[in-house]
Amino acid sequence: MKSAVIQLPGLNRDRDMIAALTKISGQAPVTVWQTETELPEVDLIVIPGGFSYGDYLRCGAIAARMPVMKAVAEKAAKGVLVIGVCNGFQILLEAGLLPGALMRNASLKFVCREVKLQVANANTAFTRAYAPGQIIRCPVAHHDGNFFAAPETLARIEGEGQVAFRYAEGTNPNGSINDIAGIVNGAGNVLGLMPHPENLVEAAHGGTDGRALFESVLGRAA
Amino acid sequence: MTIPNDIRITPELVAAHGLKPDEYQRILDLIGREPTFTELGIFSAMWNEHCSYKSSKRWLRTLPTSGPQVIQGPGENAGVVDIGDGQCVVFKMESHNHPSYIEPYQGAATGVGGILRDVFTMGARPIAAMNALRFGAPDHPKTQHLVAGVVAGIGGYGNSFGVPTVGGEVNFDPRYNGNCLVNAFAAGLARTDGIFYSKAEGVGLPVVYLGAKTGRDGVGGATMASAEFDETIEEKRPTVQVGDPFTEKCLLEACLELMATGAVIAIQDMGAAGLTCSAVEMGAKGDLGIELDLDKVPVREERMSAYEMMLSESQERMLMVLRPEKEPEAEEIFRKWGLDFAIVGRTTDDLRFRILHGGEEVANLPIKELGDEAPEYDRPWAEPKMPPALDAATVPAADVADSLLKLLGSPDLSSRRWVWEQYDTLIQGNSLQIPGGDAGVVRVEDHPTKALAFSSDVTPRYCEADSFEGGKQAVAECWRNLTATGADPLAVTDNLNFGNPERPEIMGQFVRAIKGIGEACRALSFPIVSGNVSLYNETLGQAIPPTPTIAGVGLIPDWSKMARIAFAGEGQAILLAGAPESWGTHLGQSAYLRDVHGRAEGAPPPVDLAHEKRVGDFVRGVIRSGTVTAAHDCSDGGLAVALAEMAMASGIGARIDAPVNSASAAFFGEDQGRYVLTAALAREDAQLATLIEDARKAGVSLIAIGVTGGRELKLGEARAISVEELKEAHEGWFPRFMQDGSLQ
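Protein chains in written order, with the UniProt record's numbering: chain A, 1 to 222; chain B, 1 to 744.
Don't read these hints as lab results, they were simulated from the structure.
Some clues are possibly wrong.
Stated by the list, open to error - Distance condition first, Cα-Cα at most 30 angstroms in a straight line; then the derived DSSO-like pairs of lysine-lysine:
1. A:116 with B:285
2. B:199 with B:285
3. A:2 with B:336
4. A:109 with B:406
5. B:142 with B:406
To be verified - Which residues of chain B face chain A? A few of them, derived with a C-beta cut under 7 angstroms, are:
6. 155
7. 159
8. 162
9. 246
10. 250
11. 421
12. 422
13. 426
14. 429
15. 443
16. 446
17. 447
18. 450
Unchecked claim - Just so you have them, the derived chain B footprint on chain A, three or more residues with Cβ under 8 angstroms:
19. 13-25
20. 155-163
Each residue gets a CB set at the ideal place from its N, CA and C atoms; glycine is no exception.
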């Protein structure tokens, strides 16, 4: 599987993501700097987590306006798989590639802990290696992960099966509406999620529940 | 308004710069004339306690700082220790006490920023952070506000920068009501052939300014941090800097990228006393003069004076000496990261520190003497008064189960989850143990088996009662915590927080603590490779308890054999290593005596360093051989709290024998050098007898005291407590306190 990891100033989980992709796919992703206007031919584009541009102004707002994001949008329109994790999710929202918004956590505090996720739709390109309804462990680490969408948008997301992951077993860490942790776009090729599957992919992490997300993509690409 | 350079130097102005009349006379003698206003500022920046260590230097020299593993001891931005395979760990701890009390969020944030910069300035990528925090009494009106601000500040900076916070401490004591302590630790990983130093080399080379622009924030910060607090504290807010973790993250990446090109000859971050300290350091170390043209310094405010620029403590700035032929390449890297890059001066051969501003020479000082000729004091010190030993017979028996629950839910021993869940503990994907155990553990990237363990320790109430034993104990506990994971303790960094050294009793605490620390470090081959001294932690004559924080680093050769505190399974024998026959004896200065009986009395538990080493070496051995399935040291709250923590971490209960003598001393005594271990053996198993015999031969007492299993912890004759009830007591206090100030 060929993958690309987008790099912007202030992103800081890019190294985690590169390590996870390398370990799981056996191939190091190419990295693409924010000023690039074209992306290489890849099966998967990942926007990792962090604090792009310091999260100043609004999380992901500045990053979404960098040249590389236009290229990401073009690829996404052509059906290339795109994953945005944490700040990457925020950037995808700001870029208009996913519906809804992420607000400050209900606690108003940064939260880093392990939560439980339910695979709400196992029929996406990103979740097919999971069983429908499967409960998995996954860490979160964010300050602004409180997902919100207007009623009609929310109805559409829910109705079309666009919710990929939900916080489960009362572990919603941020107040997200309907316990939403991750969503896909209407076409099903763009995934945004707050939790960090890349931090739970090997024995050293104390578990491998995050692996199947990448393996889902790998299965399609292989 | 611009501050002119020709302000008349009056005795009041000299005093306002924190310089004593005899110190000012020393300046006059040194330069043979009256200093300009900018020069006075430069002297005050270089000669304050914070930067010059004038009260502590004499005693710091007595500390052990070398060993076969030490690549760089104190004197650089951070210490450097070899971990084999061409790799090294670079680390330091530094205080940001004064600013954090004035403005908790920014004070703590910039403390984290400063220590991270110290580490990556040396060419290391930061891989772990810790924070040792001390606050006033929970019922003091400022405490809740300070805890909230400091924790948010640490998280706000560290999380955005992208370093996992894997350990730390939080304590409460009314003696910190007027002065909280924020000691920030950072460690990084580097190649031993890729370490960068601050010593400039070569005449006529460009001095380059990198990073963020210079503003008026933090002017005089180091001088502020070298004085006590009084009623005017609110006026000191402008001396606190403002942090920008985003710029620091960019600065990290740009610096590491630049270092890889071979362009860097010398590098120094701008910390306390900013441009002044960094430029003098680089020049003086390299036996070179430095000339700076302030008109070329990137500024974010208009009409800044030379005085302000030289004393600004704006964050996220670096000074470098670069190879001239690499200049375009270097500039391109910094532009890519959106950072300022400006050639602001050059190295010279005249050993002068010359500052030009607006075409005028505003300062011209001898560069070596600015650092080397700083005053040094042998301050008078007095043997501190020590409380008499506790007569254990005066401590009435209390219910063991109730006492344990009370301790687990006390401000000092309750779970710190509320704090560390606001820190990113997982970023970088290498965290093997996060806060809640004996030490934070991070694996070494690109190595199949190695990991590093980190722990920060000190027990201020021990230091207050006997600063010599307290100093020893801080080192021993740190060594013990690292050992309990199976690590080889490598080296430490110390952060010595005390009151006003001009008072002989405070100086006495300092001197005796240093002696204790030195003795323990020598006995345990645990050298000090970096550190920081914070004095004048005092408000209106009330000093903090002596708080010499010790942060240590250990190496785990194979993390698959690392120990954790959680019970590993049911039906496993529980062993107590290094304990006296009656398990525990020492209640003086114990958490039990204070929190259950309301008495702060007695001498602290003494540390027998030879015993400490013997027990620790044995424990490390049985962890690595795989005999031991869980390990935890006994510290605050003694054996009972250690067992409860092992149960809570696993959800598995335990049944402990009834102690032969006093149950309170056995379960709550804070005797040193003890560990609780478990082995996957039944109590009657012959292998267990062999293990105990092996320990005896090594001069280590190893006593089987119980068995894991079930969902309850039963301590001897005491009523059994469910693990759920333990957790409820343990997890409840902190969130309740932070929610509504509840003290229960």
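Hint by hint, here is what the structure shows:
1. A:116 with B:285: Distance of about 55 angstroms is beyond 30 angstroms: violated.
2. B:199 with B:285: Holds - the C-alpha atoms of residue 285 of chain B and residue 199 of chain B are around 5 angstroms apart, at most 30 angstroms.
3. A:2 with B:336: Satisfied, since the Cα-Cα distance of roughly 26 angstroms is no more than 30 angstroms.
4. A:109 with B:406: Measuring from Cα to Cα gives roughly 28 angstroms; hence the hint holds.
5. B:142 with B:406: Holds, at about 25 angstroms.
6. 155: Hint holds; residue 155 of chain B Cβ to chain A Cβ min 5 angstroms, cut 7 angstroms.
7. 159: It holds, given that the least Cβ distance between residue 159 of chain B and chain A is near 6 angstroms, below 7 angstroms.
8. 162: holds, 3 angstroms
9. 246: holds, 3 angstroms
10. 250: Given a least distance of 5 angstroms, the restraint on residue 250 of chain B holds.
11. 421: Hint on residue 421 of chain B: holds, closest Cβ of chain A at ~5 angstroms, below 7 angstroms.
12. 422: With a closest approach of 5 angstroms, the residue 422 of chain B hint holds.
13. 426: Cβ of residue 426 of chain B sits 5 angstroms from chain A, so the hint holds.
14. 429: holds, 4 angstroms
15. 443: holds, 6 angstroms
16. 446: Hint on residue 446 of chain B: violated, closest Cβ of chain A at ~10 angstroms, above 7 angstroms.
17. 447: Cβ of residue 447 of chain B sits 12 angstroms from chain A, so the hint is violated.
18. 450: Cβ of residue 450 of chain B sits 12 angstroms from chain A, so the hint is violated.
19. 13-25: holds (count 5)
20. 155-163: violated (count 0)
Checked against the numbered hints given earlier, the structure breaks hints 1, 16, 17, 18 and 20 and satisfies all the rest.
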